[in-house]
Amino acid sequence: MRFQMRKDAAEWFRHVDKQFKLDFEKYYLCLMLGFASGTTRSVPASQLRDMTDTFPDTWKGQPRLLIGLLIAAHLDRMKIDYSERAAVNKQLEVLLDPDTPTKLSAVGIRYMNEYAAGGFDVLLERALTDKPRAPATLLRAYVKTLRQLLRDKDGSKHC
Amino acid sequence: MSFTLRILGWEATGLRCPDHSVSLVDQRNRQVFPVTLVQMPNGTGKTTTLTLLRAALSGTPPTIDQIRELAPLDGGVKKGKFVVEIALEDQRRTFELTLDYPKATAHYRTTLRSGIRDGHDLDPELAKILTPEFIRFFVFDGELAHGLLDPNQPRAQDALDALFQVSLLKQISDALEAHWEQRASEAAMKGKRAVTQRKYRWQELTAHLKKLNAEREKLRGRKSDIGRRLDELEGLIAHRVGADKRAKQALERARSERDKAIAEAEKALATAFQDAYSPQSLSAVFAKQLMQLKHNLDKVKLPSTTSKEFFLELAQGDECVCGAKLSDASRAAIRTRAPQYLGSGFHGVLNAVKEDVAHYVEGRLDRHQETFDAEMKTLESAIRLRDERIAKFDQVRTAGIEGAGGEAVENSKEQTRLGEELKVIEERLRVLASEPKGDDELDKDCIEAIEEKATEAEEDYNRAAETFDLRRRTVVVQAVLDTAQEDARAAFSKRLTADTNERLLKLLPRAPVKLSSVGSSVALSKQGNASVGQVLAISYAFLSSLFNHADQKLPFIVDSPVGSLDIATRRHVAQVIPRFFGQFVAFTLSSEREGFLAPLEAASEGAIQYLTMFRRTRATERLLQDVPKKVVQLTESGALVTGREFFMEFDVEEEERA
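Those protein sequences? They're chains A and B, same order as listed. Our numbering puts the first residue of the first sequence at 141, with every later residue one more than the last. Our numbering puts the first residue of the second sequence at 18, with every later residue one more than the last.
Rather than coming from a laboratory, the hints here were simulated on the basis of the structure. Values in this document were obtained by computation on a predicted structure and should not be read as measured data. Watch out, some of these pointers could steer you wrong.
Listed below are the simulated EDC-like cross-link pairs for lysine to aspartate or glutamate, each with C-alpha atoms no more than 20 Å apart in a straight line [stated by the list, open to error]:
#1 A:K147 to B:E465
#2 B:K227 to B:E476
#3 B:K440 to A:E151
#4 B:K95 to B:E28
#5 B:K570 to B:D175
#6 B:K454 to A:D216
#7 B:K316 to A:D221
#8 A:K158 to B:E281
#9 A:K284 to B:E392
#10 A:K219 to B:D315
#11 B:K227 to B:E28
#12 B:K454 to A:E151
#13 B:K409 to B:D315
#14 B:K316 to A:D216
#15 A:K271 to B:E444
#16 B:K209 to B:E475
#17 B:K646 to B:E622
#18 B:K570 to B:E28
#19 B:K440 to A:D157
#20 A:K284 to A:D294
Construct all of the structure, not just a fragment, from the sequences and the given hints.
Following this line, the structure appears as structure tokens:
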């Protein structure tokens with residue numbers, strides 16, 4: 141199973157393409173908005189573009205933190221309390237696979253793709269309706285939207 | 018491939034005919050008798066025996082009705098068996114046909130040198146001859162004789178095709194057709210129009226691709242030229258502006274500050290983006306979520322120090338790790354609780370996640386966001402400064418140009434124009450070099466997408482062209498095969514006609530009949546219909562001619578060989594039979610002896626086996642008095658007597674009484 145990005149997302153970033161060395165970087169931005177808003181979207185395969193099947197070596201982020209956020213988001217979505225050990229274990233076994241390069245199962249990657257797909261919807265609706273022409277503009281609007289979403293979800297104030 | 022097939026004998030039990038066992042082998046020299054006559058009164062089972070011979074040799078079981086008709090009349094018998102032994106060259110084989118009367122089923126078994134096999138096992142060369150249709154030619158069916166002359170029944174051609182393997186040519190033709198059908202259905206296209214359409218599409222896409230590539234090359238060239246010209250213009254402007262020392266210095270200073278500000282902004286941007294790829298930097302809420310995850314996992318001891326596998330293995334043993342004996346109840350409890358522990362493989366993953374959280378996030382959770390926010394502030398400042406410095410530079414430059422006037426202004430205008438053109442070119446190059454989006458409209462100028470489509474179209478065309486070409490070649494080869502088949506039939510037919518006519522001359526010197534040709538049926542020359550006797554003679558002449566020309570030497574088994582022939586014709590038939598057929602087996606009535614037996618004996622030089630079979634009744638018991646026991650085979654239902662003497666004395670009146 142590969143990480144997959146929406147084809148329209150790839151097109152949307154085109155004016156600021158030079159800022160990104162990896163498609164995974166654009167994917168990450170969408171993914172974080174998905175986690176922040178709790179939004180997922182299942183998209184037909186014809187509208188998705190395959191990317192890598194591993195976390196890119198040259199990506200500057202921390203892949204295991206993304207796995208952690210996926211676990212947290214998924215358990216929260218399933219309304220599973222951590223004290224329910226058997227239920228937690230079951231979901232961990234659904235999301236994870238020690239034998240894959242990403243340590244995520246096919247289902248785990250699929251869920252991650254769905255958060256990224258949902259996050260792109262949020263990016264369009266809340267951050268920038270037009271395609272960004274400057275990376276700094278994108279980053280500014282992105283961070284603002286992300287934090288607003290987290291505030292809305294968390295119910296607490298952040299700067 | 019040539020071969021000689023002989024029938025060595027057969028055995029019947031539990032059937033409508035009397036139980037009997039017939040050997041066609043002369044025990045003195047272990048050779049098959051060239052002629053065997055089996056004399057059987059009417060109702061003894063000649064038809065039954067011939068039916069069973071055909072069924073056993075061909076492997077085609079009798080129908081349900083036929084099975085019922087083959088059962089003994091008195092009932093009480095549940096199974097009947099018929100076994101025939103053949104020799105193909107020196108390879109012996111036995112076909113056993115067992116009939117289950119209550120179930121109306123038939124079962125075959127084959128005995129070979131290598132052992133017994135279920136079913137009817139045939140070598141490929143035997144399989145072509147021992148077909149239900151062809152067997153009727155040499156286990157002769159009297160009805161077939163009339164069929165040979167019937168133009169509506171292609172019996173003669175069927176015999177010719179089977180024996181001379183002419184049908185192989187048709188099989189090859191059919192196989193070629195099937196091959197083309199399969200290829201065509203795979204490609205889902207037939208016909209030249211489909212090929213032309215695909216060729217046109219491929220050419221269209223190739224032309225479009227060529228056009229796009231040419232455009233890209235041209236644009237790249239133009240971009241390069243513009244770049245050079247812009248540099249040139251910049252140099253000219255700098256030179257012209259530089260004529261004024263103060264303006265030149267101001268411009269250089271503004272440029273330097275601008276370039277520095279641009280670099281600073283790019284650096285700040287890169288730093289901010291790099292940090293953005295850490296969730297804890299994007300927002301402290303993510304940091305908090307990750308820490309909460311770690312805390313929750315630690316609280317419930319996930320992953321535990323032990324794994325699910327440990328507990329499942331423990332449950333299989335007799336003792337716990339503490340040494341206590343495990344009962345069924347405790348084992349069940351262990352298995353029930355095992356899901357509360359993860360498999361050992363997952364431990365590593367979870368521990369790695371927790372380690373990264375501890376390493377990258379733990380501590381004051383806000384600090385990462387604070388650092389990122391500071392970077393964003395730096396970025397904002399750097400961008401403001403960059404924009405200011407760019408504006409400043411433009412301002413200084415414009416002032417310098419205006420101050421220089423004349424050509425400097427023109428150069429500047431040209432720079433602006435070229436700058437606009439460059440933007441358009443860069444946007445167009447971006448479209449040409451973009452990734453395919455899977456949408457025909459969006460991809461119409463995407464070189465990579467058009468390349469993919471052109472490749473697919475070329476393959477599609479090749480498949481169609483190949484199929485079309487394959488069709489043409491198939492039709493040509495089939496025409497050759499058809500011609501070969503017709504030529505072969507014509508050649509065989511001509512030879513057979515001549516040979517059959519020669520034999521007919523010997524068989525019917527007094528009532529000559531001649532064939533004009535052997536095609537789908539045997540055609541008589543000048544004569545409309547043939548008499549019963551003539552039909553039989555034509556059959557013998559044709560079939561013997563056929564068998565003689567074929568590579569395969571076959572036996573000939575016939576019921577009532579001369580019954581419908583007059584005495585003179587019987588004599589002629591008797592004289593030629595040993596020459597016509599390598600093995601001749603005839604089921605005869607006593608009434609056929611006259612005019613047939615003596616000339617047959619003379620022509621066979623005495624190499625004839627005489628067998629007489631009849632049902633055992635109170636009346637027929639009398640017939641066996643004074644007959645040496647060694648020549649009598651007695652079964653519960655019948656008697657089979659070997660020898661000429663008994664054969665000759667078994668007369669019509671006796672048959673009536675039997």
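Pair hint outcome, K147 (chain A) versus E465 (chain B) [Cα-Cα no greater than 20 Å]
holds, 15 Å
### Query
Are K316 (chain B) and D216 (chain A) close enough, with their CA atoms no more than 20 Å apart?
holds, 17 Å
Inset, instruction - For the pair supplied as a hint, K454 (chain B) and D216 (chain A), confirm whether the alpha-carbon distance does not exceed 20 Å. - result: Answer violated: K454 (chain B) to D216 (chain A) is near 35 Å, above 20 Å.
Taking 20 Å as the top limit, are the C-alpha atoms of K271 (chain A) and E444 (chain B) close enough? holds, 14 Å
Mind checking the alpha carbons of K440 (chain B) and D157 (chain A) for me, to see if they're no more than 20 Å apart?
Status holds; Cα separation ~15 Å.
So if I understand the rule, the pair passes when the alpha-carbon distance is 20 Å or less; does K227 (chain B) with E476 (chain B) pass? Roughly 18 Å separates the two Cα atoms, so the pair holds.
- Query: Does K158 (chain A) pair with E281 (chain B) here, judged by a C-alpha cut-off of 20 Å?
  - Reply: Distance of about 17 Å is within 20 Å: holds.
Regarding the pair K95 (chain B) and E28 (chain B), is the alpha-carbon distance no greater than 20 Å? Between K95 (chain B) and E28 (chain B) the Cα gap is close to 17 Å, so the pair holds against 20 Å.
Under the criterion that the straight-line Cα-Cα distance not exceed 20 Å, is the pair K284 (chain A), E392 (chain B) satisfied?
Holds, because 14 Å separates the two Cα atoms, which is no more than 20 Å.
_Hinted pair, alpha-carbon criterion (20 Å max): K227 (chain B), E28 (chain B). Please report holds or violated._
Since the Cα atoms of K227 (chain B) and E28 (chain B) sit roughly 83 Å apart, the hinted pair is violated (cutoff 20 Å).
Does K454 (chain B) pair with E151 (chain A) here, judged by a C-alpha cut-off of 20 Å?
holds, 8 Å
Holds or violated: K646 (chain B) to E622 (chain B), with C-alpha atoms at most 20 Å apart = Given that 20 Å is the threshold and the Cα spacing comes to 27 Å, the pair is violated.
Taken one by one, the earlier hints fail for this structure at numbers 6, 11, 13, 17, 18, listed in ascending order.
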